[in-house]
Amino acid sequence: MKNIWYFFKGTVVLTSKGSKAYYCWVLFLLCLMAIGAMAYFRQLDEGLIVTAMRDQVSWGFYISNFTFLVGVAAAAVLLVIPAYVYHWKPIKEIAVLGELLAVSAIVMCLLFVTVDIGHPERFWHLIPKIGLLNFPQSLLAWDVVVLNTYLALNLTIAVYILYNLYYKRQPNKNFTTPLLLFSIPSAISIHTVTAFLYNGLGARPFWNSSILVPRFLASAFCSGPAFMILIFMLVRKYTKFKIEDKAIQKVAELIAYAMFINLLLLGAELFKEYYTASVHLAPVQYLFQGLHGHSALVPWIWTAMLFNITAFVLFLVPDTRRNNVTLVIGCILVFVGVYIEKGMGLVIPGFIPDVLHEIYEYAPTGIELLLSMGIWATGLFVFTMLLRVAIPILNGDFHVADDGVGSYIGDQLFLIQHNSEDEKDSTDNPEFRHDSAE
Amino acid sequence: MSDVHKCDKHVLHKSRRKFLKGLAAGIGLIALPGKDASASVWEDFFQKHFRELSKDELRKTLARFEKQYSKQFGKQVTVKATPPLAGVLYGYGLDLSRCIGCRRCVYGCVGENNQSRDPQIHWIRVMQLDKEKGVDLAHAEHYYNPAQVPEKGHFYMPVQCQQCEKPPCVKVCPVQATWKENDGIVVVDYNWCIGCRYCMAACPYGARHFNWAKPALPAKEMNPVTHYLGNRPRPKGVVEKCTFCIQRTREQPGRYPACEEICPVGARKFGNLLDPESEIRYLIENKRVFIFKEDLNTQPKFYYFYAT
Ligand code: SF4
Ligand code: SF4
Chain A
1 MKNIWYFFKG TVVLTSKGSK AYYCWVLFLL CLMAIGAMAY FRQLDEGLIV
51 TAMRDQVSWG FYISNFTFLV GVAAAAVLLV IPAYVYHWKP IKEIAVLGEL
101 LAVSAIVMCL LFVTVDIGHP ERFWHLIPKI GLLNFPQSLL AWDVVVLNTY
151 LALNLTIAVY ILYNLYYKRQ PNKNFTTPLL LFSIPSAISI HTVTAFLYNG
201 LGARPFWNSS ILVPRFLASA FCSGPAFMIL IFMLVRKYTK FKIEDKAIQK
251 VAELIAYAMF INLLLLGAEL FKEYYTASVH LAPVQYLFQG LHGHSALVPW
301 IWTAMLFNIT AFVLFLVPDT RRNNVTLVIG CILVFVGVYI EKGMGLVIPG
351 FIPDVLHEIY EYAPTGIELL LSMGIWATGL FVFTMLLRVA IPILNGDFHV
401 ADDGVGSYIG DQLFLIQHNS EDEKDSTDNP EFRHDSAE
Chain B
1001 MSDVHKCDKH VLHKSRRKFL KGLAAGIGLI ALPGKDASAS VWEDFFQKHF
1051 RELSKDELRK TLARFEKQYS KQFGKQVTVK ATPPLAGVLY GYGLDLSRCI
1101 GCRRCVYGCV GENNQSRDPQ IHWIRVMQLD KEKGVDLAHA EHYYNPAQVP
1151 EKGHFYMPVQ CQQCEKPPCV KVCPVQATWK ENDGIVVVDY NWCIGCRYCM
1201 AACPYGARHF NWAKPALPAK EMNPVTHYLG NRPRPKGVVE KCTFCIQRTR
1251 EQPGRYPACE EICPVGARKF GNLLDPESEI RYLIENKRVF IFKEDLNTQP
1301 KFYYFYAT
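Heads up: the sequence lines are chains A and B, in that order.
In terms of the numbering used here, the first sequence opens at residue 1 and continues consecutively.
In terms of the numbering used here, the second sequence opens at residue 1001 and continues consecutively.
One chain only, chain A, in its complex shape (with noise of 0.2 Å):
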């Protein structure tokens, strides 16, 4: 017990350590966040009439990201299988960072989750036993039950790994083990309830298809992944983190047979709505054409379209992939890319024609993009401390001091422009050891 007490306050210590950068990051981040909740306050106060949202598009630009979102989560398996499973070992290193991740973006999920609903005070009602949970009739029941324990895991396994780590023990492989395959089917259980969330409801013909299941994980590994990689490059850059080639090559490479299907099941979608030509047509329609003069959507899935198939030639050809700018740019396209289709370009032609084929359409306002800008905030500010504890400890930076007390760090400053040649005498600072006893 006491021990934990130790290593809790060692990581308070630690996260308010760093460089300028660091510092100013922070800061940004909690300004962002600040202004997300004044706007949350506004909604509060008012209701979600400050949105756009309206009886005939009743989910918009939250359960948008939400839906986004839990793909990236989704996508920390690809790390974890490759790692442990086939125990290949540079990927295994940076694996830890792919838990943290997921766990970041499930904070998102669920703080898109509880800005989206109109009382967030009666969360308590889905307790079971307390409240009321609809399961296994509600698929969005069984969606809180996957979140939170998918969430729990990640949590668990990534401190159990560097709460061992910094007290110098091995992480004992028989807990280990059986949690991180478990984690395997936890993660694709988050993305396939959240696509039956839409897939199960014949009153919405662009979501009740049988492919939404395997669209939605072909998006989220590649979404996931090109993230990863994005934070490994930043990673290995700013702080003192050292990640191998090999292991971001073998995730750009995952990418391209992930996108490759992703395009192929979307082709599919197409060929189908358009050849038949049926009534269901018009959500599809109104997507990629635009229906009866409404095309608000059309520019946005167009460039994604773009992205997404720019991405893939970018990672298919050997050359652009080895290429460290043409592998940022393509990360950049993907990741813009999904988020427009598996998120509002998902999420809004559900509604659009409604049941009652009326066409209301629908933009985000200023409240909910500052909000959700805010929770964007709050997921890196979250990511940013985890891996502020991570990274030193992986690195073997932040340890218990000699005393088992105190702690010791080496890492002062985190984050730091960081370059490969003098990377010894720049980074290395003179040795700090913080007496918790005092």
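I should point out that these hints are in silico values taken from the structure, not numbers from a laboratory.
Possibly wrong hints are sitting among the right ones.
To be verified - When the alpha-carbon atoms are kept at most 30 Å apart in a straight line, the in silico DSSO-like pairs for lysine-lysine are as follows:
#, chain 1, residue 1, chain 2, residue 2
1, A, 272, B, 1055
2, B, 1171, A, 272
3, B, 1055, A, 129
Everything numeric in this text was worked out from a predicted model, so none of it was measured.
Using the hints, position chain B with the ligands against chain A.
Just chain B with the ligands, lined up with the frame of chain A:
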């Protein structure tokens, strides 16, 4: 050392109390309009699901709401919780050959059921359709507004909750805040709904409506005869829908729903599907009848028919 600890604990306690206070205030801000007494904030927060209330609790809850609404609207408001009648399954018939699209039912419903006037909430939507095209939603006009109805070449189709026998809205609700009663009416517990709007995505008829803002209901227009699961005033952030005027139809002697009463051409029929002698049964058995979006197998108890 121990002194320091004590002091620490003290501070902790204080801050926890502060935190709880803050939490209560925060919750109050969300849940209740205005600055009501904090006791009622807590009662609202811990309000149990309607179906989990014991007889005694139900009585107390009804009394509490009656008091609250009476004060809020400055008149005597009753909140009943009349249970379903035995041997009754409600069914609704709508004669498309008679409806003239005057929307009197829409506003009759608003007056009876205490919907928000601003923003406007309508439980009934009347669509103007082309006679040539039939029931083809792609050509429906929702906001038709001519000087006089009916317009040549058109017919009118009112849509409201179809009180499905297999209601998808009920299936999807994560907290069982909406359910089908034994007389077939699908109801919502406004004190249990978390406002996730999943049911709105699931309903194929656009029958569910959300209180995007605090409903504006002028005191003098407020209908004081209410039912817990029906037309009592709603808070913001919850879903509401047509209940076949549960506050009227469940009483004995029963009254017709407001929309059926107000229809100037007698296009609306209402009755007990289990009674072989009822008018609704006669119509179903003898007229050309269809149910809306039959292929979805929601099994509506709302029957459209052509009497002529
Ligand atoms: S019409 Fe809609 S709200 Fe009414 S019971 Fe059917 S699904 Fe539910
Ligand atoms: S909005 Fe309310 S009634 Fe509808 S699904 Fe959510 S909790 Fe249930």
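**OP:** Starting from the hint list further up, note which numbers the structure goes against and sort them upward.
**Re:** 1
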